[in-house]
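Colleague: Sequences are here, hints too, so could you generate the full structure?
Chains as they are written, first to last, in this note's numbering: chain A, 1 to 745; chain B, 1 to 169.
Note that these hints are calculated values from the structure, not bench results. Among the hints, a few may not be true.
What the hints assert, rightly or not - Among the chain B residues that face chain A by a calculated CB cut under 8 Å, a handful are: (1) N22; (2) D38; (3) A60; (4) V153.
Claimed, not checked - Here are a few chain B residues that sit away from chain A, every Cβ distance over 10 Å (derived from the structure): (5) I17; (6) E26; (7) K68; (8) Q101.
These figures come from a predicted structure and were not determined experimentally. Don't be surprised by glycine CBs; every beta carbon is placed ideally from N, CA and C.
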Amino acid sequence: MGIDKIVGKPISRLEGREKVTGMAKYAAEYQADNLLHGYVVSSPITKGRIIDIDITKVIDIPGVVEVISHKNRPKLAWFDLQYTDMDAPPGTVFKPLYDENILYNGQPIALIIAKDFETARYGSTQIIFKFEEQDFQTVLKDNLTRARPAKKGFATALKPPPPPPTGDFENAFENAAIKVESEFQHGTEHHNPIELFATTTIFEGNGKLTIYDKTQGTINNQLFVANLFGLRYKDVRVLAPFVGGAFGSGLRPQYQLFLCVMAALHLKRNVRVVLDRKQMFSFSHRPPAIQKLRFASDINGRITALGHEVFAETSNFEDYTEPTASWSHRLYAAPNTLFEHHLIPLDVYTPMDMRAPGGSTALHAIECTMDELSYKLKIDPLDLRLINYSDMDPSAEKPYTSKALRACYLEAAEKFGWDKRSPEPGSMARGNKLVGYGMATGIWDAFQFPARVEAMISADGKLILNNATTDIGTGTLTIMTQIAADELGLNIADVDFRYGDSKKPFSMFQGGSATTSSTGVAIVIAARALRKKLVRKAGEMKDSPFKNVAAEQVVFKGGNLLLKEDMKTFISLKEIIAFNAGRPIKTTNMGKPHVLKLRKYSLATHSASFVEVEVDKDLGVVTVTRAVTAVAAGKIINPKTARSQILGSMIWGISKTLHEETIMDARLGKYINANLGEYHIPVHADIGELEVIFTEEKDDLINEIGTKGVGEIGLVAMPAAISNAIYHATGKRINKLPIHFDELF
Amino acid sequence: MLTKNQAPKRGVDSQSICFTINGRRESISIEPWVSLLDCLRDHLNLTGSKKGCDHGQCGACTIICDGKRILSCLSLAVMKDGAEITTIEGIAKGDELHPLQQAFIDHDAFQCGYCTPGQICSAIGLLKEGKANSRTEVKEMMSGNLCRCGANVGIIDAIMQVKDGGGHE
Numbered sequence: 001m002g003i004d005k006i007v008g009k010p011i012s013r014l015e016g017r018e019k020v021t022g023m024a025k026y027a028a029e030y031q032a033d034n035l036l037h038g039y040v041v042s043s044p045i046t047k048g049r050i051i052d053i054d055i056t057k058v059i060d061i062p063g064v065v066e067v068i069s070h071k072n073r074p075k076l077a078w079f080d081l082q083y084t085d086m087d088a089p090p091g092t093v094f095k096p097l098y099d100e101n102i103l104y105n106g107q108p109i110a111l112i113i114a115k116d117f118e119t120a121r122y123g124s125t126q127i128i129f130k131f132e133e134q135d136f137q138t139v140l141k142d143n144l145t146r147a148r149p150a151k152k153g154f155a156t157a158l159k160p161p162p163p164p165p166t167g168d169f170e171n172a173f174e175n176a177a178i179k180v181e182s183e184f185q186h187g188t189e190h191h192n193p194i195e196l197f198a199t200t201t202i203f204e205g206n207g208k209l210t211i212y213d214k215t216q217g218t219i220n221n222q223l224f225v226a227n228l229f230g231l232r233y234k235d236v237r238v239l240a241p242f243v244g245g246a247f248g249s250g251l252r253p254q255y256q257l258f259l260c261v262m263a264a265l266h267l268k269r270n271v272r273v274v275l276d277r278k279q280m281f282s283f284s285h286r287p288p289a290i291q292k293l294r295f296a297s298d299i300n301g302r303i304t305a306l307g308h309e310v311f312a313e314t315s316n317f318e319d320y321t322e323p324t325a326s327w328s329h330r331l332y333a334a335p336n337t338l339f340e341h342h343l344i345p346l347d348v349y350t351p352m353d354m355r356a357p358g359g360s361t362a363l364h365a366i367e368c369t370m371d372e373l374s375y376k377l378k379i380d381p382l383d384l385r386l387i388n389y390s391d392m393d394p395s396a397e398k399p400y401t402s403k404a405l406r407a408c409y410l411e412a413a414e415k416f417g418w419d420k421r422s423p424e425p426g427s428m429a430r431g432n433k434l435v436g437y438g439m440a441t442g443i444w445d446a447f448q449f450p451a452r453v454e455a456m457i458s459a460d461g462k463l464i465l466n467n468a469t470t471d472i473g474t475g476t477l478t479i480m481t482q483i484a485a486d487e488l489g490l491n492i493a494d495v496d497f498r499y500g501d502s503k504k505p506f507s508m509f510q511g512g513s514a515t516t517s518s519t520g521v522a523i524v525i526a527a528r529a530l531r532k533k534l535v536r537k538a539g540e541m542k543d544s545p546f547k548n549v550a551a552e553q554v555v556f557k558g559g560n561l562l563l564k565e566d567m568k569t570f571i572s573l574k575e576i577i578a579f580n581a582g583r584p585i586k587t588t589n590m591g592k593p594h595v596l597k598l599r600k601y602s603l604a605t606h607s608a609s610f611v612e613v614e615v616d617k618d619l620g621v622v623t624v625t626r627a628v629t630a631v632a633a634g635k636i637i638n639p640k641t642a643r644s645q646i647l648g649s650m651i652w653g654i655s656k657t658l659h660e661e662t663i664m665d666a667r668l669g670k671y672i673n674a675n676l677g678e679y680h681i682p683v684h685a686d687i688g689e690l691e692v693i694f695t696e697e698k699d700d701l702i703n704e705i706g707t708k709g710v711g712e713i714g715l716v717a718m719p720a721a722i723s724n725a726i727y728h729a730t731g732k733r734i735n736k737l738p739i740h741f742d743e744l745f
Numbered sequence: 001m002l003t004k005n006q007a008p009k010r011g012v013d014s015q016s017i018c019f020t021i022n023g024r025r026e027s028i029s030i031e032p033w034v035s036l037l038d039c040l041r042d043h044l045n046l047t048g049s050k051k052g053c054d055h056g057q058c059g060a061c062t063i064i065c066d067g068k069r070i071l072s073c074l075s076l077a078v079m080k081d082g083a084e085i086t087t088i089e090g091i092a093k094g095d096e097l098h099p100l101q102q103a104f105i106d107h108d109a110f111q112c113g114y115c116t117p118g119q120i121c122s123a124i125g126l127l128k129e130g131k132a133n134s135r136t137e138v139k140e141m142m143s144g145n146l147c148r149c150g151a152n153v154g155i156i157d158a159i160m161q162v163k164d165g166g167g168h169e
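Modeller: In structure tokens, the structure reads:
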């Protein structure tokens, strides 16, 4: 509505001051009277039974208040559904301290509660468990014969199994002019936000709890706690005003929440439970996967067959799946396709969504296979993508609401200098370093979830908005404020977006790159309703020029309502509220996807990454010297925070390809590098020149604000682009991530 | 609930220590096993210094102690008796942000903000050391501070701006 739009401007994060001065408070940082501290005891065995627990040495420690294990825990809900959450895969939810059975290494088996952190931690070393151990299986590649399809459940709606085969894949592949067959191996990855998972529960009395939790979903966790402990929804308040990173790990309530609430209710005291870094490897991860791809084309590079078979890990109690196998067909047309997703249940915790789940795994394999195909065809890798470019979504045979991928390719290629690439592997060098150029395509879903927003004008003429969403570092506060400011023609300073609180109107968990489209649309819908109410109220004022004026005839600007016909006639928001006896004028509205209209379309964001690597000729050390990623994700609300999202996920791509992996010890069934010294993520010195391009993409169909989400699309193309650059530099195809220097020479 | 230890009594005596934190003298009686980081966060309510690993591997707990950047999780509080400590809460002068804090905001050098206090304290320590002369050296010498959001580019841009602008003390 405003003449000078705030949407589209690179506004600095509104909570920046709190974050740079140490004033931003995270879940473990809320003080409370007589706060007790809980420390979790983790199972040292991988599978079996607890046969005895000796706590005598623990209770002798001065300051220890309680030891809770399955033997003395308070009575718990027993019905599976009471443990479930909005992101639970099909199966039986893991129940902490439920019984004597050990399902995975690191499983919580007791909680020591003491007057301070140090005492509780010391207590955890003095508890003695006796176990009966059983044989276990924790290694994916040793268990391929146990592969089976995934069970179906609630989560299947968002994560459908691959579509049935089309054409006659086997025959087409067998008889194709050009074909590539390749296998890819990905290791386990852990989210590892720098903030440790933590919960502070304030025991308010009268059955009420106030819970500061590290989560991506305040309402998800509110419902979980209320269901589990038999509390009324309105008596459980979950707050997460600041969240120190999550990347998917906060999509489900984690066990520190459960244990902390249980202890608080049991002891009727305020309790805090913080996990340690090793325990951050004990709940959920990106599953290891083996992928077998078979792509074929005619001699001109036209793809004729796409085959993609996935073998991924899950736990023995839940069937976690992430759409992986069929992504290639959303990019490239092919008359013959065969996509399969198999699960291999192992004695590990259930995997979970981790930034670009499925997509980052799949696109690495798909785009490396495309690269290999391009070499077989002697066609430039970029040209091969353009030959097979599809404006439609071939898998659904529907048009995209918008797709500016071609422009992504061309803009990024030009910025990168792709034309300076000499095609032969190993043909480019810089001193003692081999130089390689690689490129790859990215695609990701454009989700929108239902969300409700309360919008009101307060007595001082400010716009207050309420929604339960979190801001996990994505810039939610800033961009919601921008969207709202434009809707009511206000300055940023006159908008107050309040969030991170389960008491506020509904928001799904913050995942799937969906928050901007979900809460953002709800803001627009609520603002429309609010404008109508304000105009109507203005019309009720004495001698009002706004009498019987439609909201569409009014411009909102600078805290005033102006008549479109006669911009000199205006009334201020403050005057309207004063006329309303100082009571705020408010409305609560739901924003939701236009499911019926959108059924005719496919929805996706796209990207193209171009990467230069240097590979040391003697040592094999790989450095990503520079990378350009162009992203088509509809309207960009804030180019500054959006750029940071893309840069961050490009660095995740570097990390996935060259650094991070959790190593499973097959004999012990446990992760052996469960710390930040040995679980490598890129440090500042690993990061070269990174550039982000937002390709113009206007989308009037997708939703009211034309956004598609930018949280994950920056990651998906990077692993293949880097791997392809390494091939170009060295002539070696390393299809196992992360790529280590010792595999190159 | 356990009934045995209703009157907590320590086997080891707490020790009285004194240090200057952010210009203010603090006296505290503390058990010898409490880390400086936990002392700041749990005993002095200075939660700006963050705990990310408790092992000296992530850098989130970096503070400035006697003019040098240190990892507060790797010191016991009692070892710092008499020290002069600056935490993130003491970097700004009242409402006036330190140039590096402003540069972090301007360059969007953080997303979730959890590693930020450590990054800023570490960078101030680095600039004082005067060893890092180029962008490459700054990147190398800031590499003890991890950022999982991947705000690395903004962090180094912010430090370079302040370094080149001479805006630091």
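Colleague: State for each hint whether it applies.
Modeller: Evaluation of the provided hints:
The interface hint given for N22/B is broken, as the beta carbon of that residue sits about 10 Å from the closest beta carbon of chain A, more than 8 Å. Hint on D38/B holds. Least Cβ distance to chain A is approximately 6 Å, under the 8 Å limit. Given the 8 Å rule on beta carbons, the hint for A60/B holds: about 6 Å separates it from the nearest Cβ of chain A. Checking V153/B against chain A by beta carbon gives a least distance of about 5 Å; that is within 8 Å, so the hint holds.
Listed as outside the interface, I17/B is consistent with that label: its C-beta sits roughly 16 Å from the nearest C-beta of chain A, beyond the 10 Å cut-off. The claim that E26/B is not at the interface with chain A holds, since no C-beta of that chain comes within 10 Å of its own (minimum 16 Å). Distance check on K68/B: its Cβ is at least 19 Å (rounded) from any Cβ of chain A, clearing the 10 Å threshold; non-interface status holds. Against chain A, the non-interface label of Q101/B is violated: not every CB pair exceeds 10 Å, the least being about 4 Å.
Consistency note: the structure conflicts with the earlier hints numbered 1 and 8.
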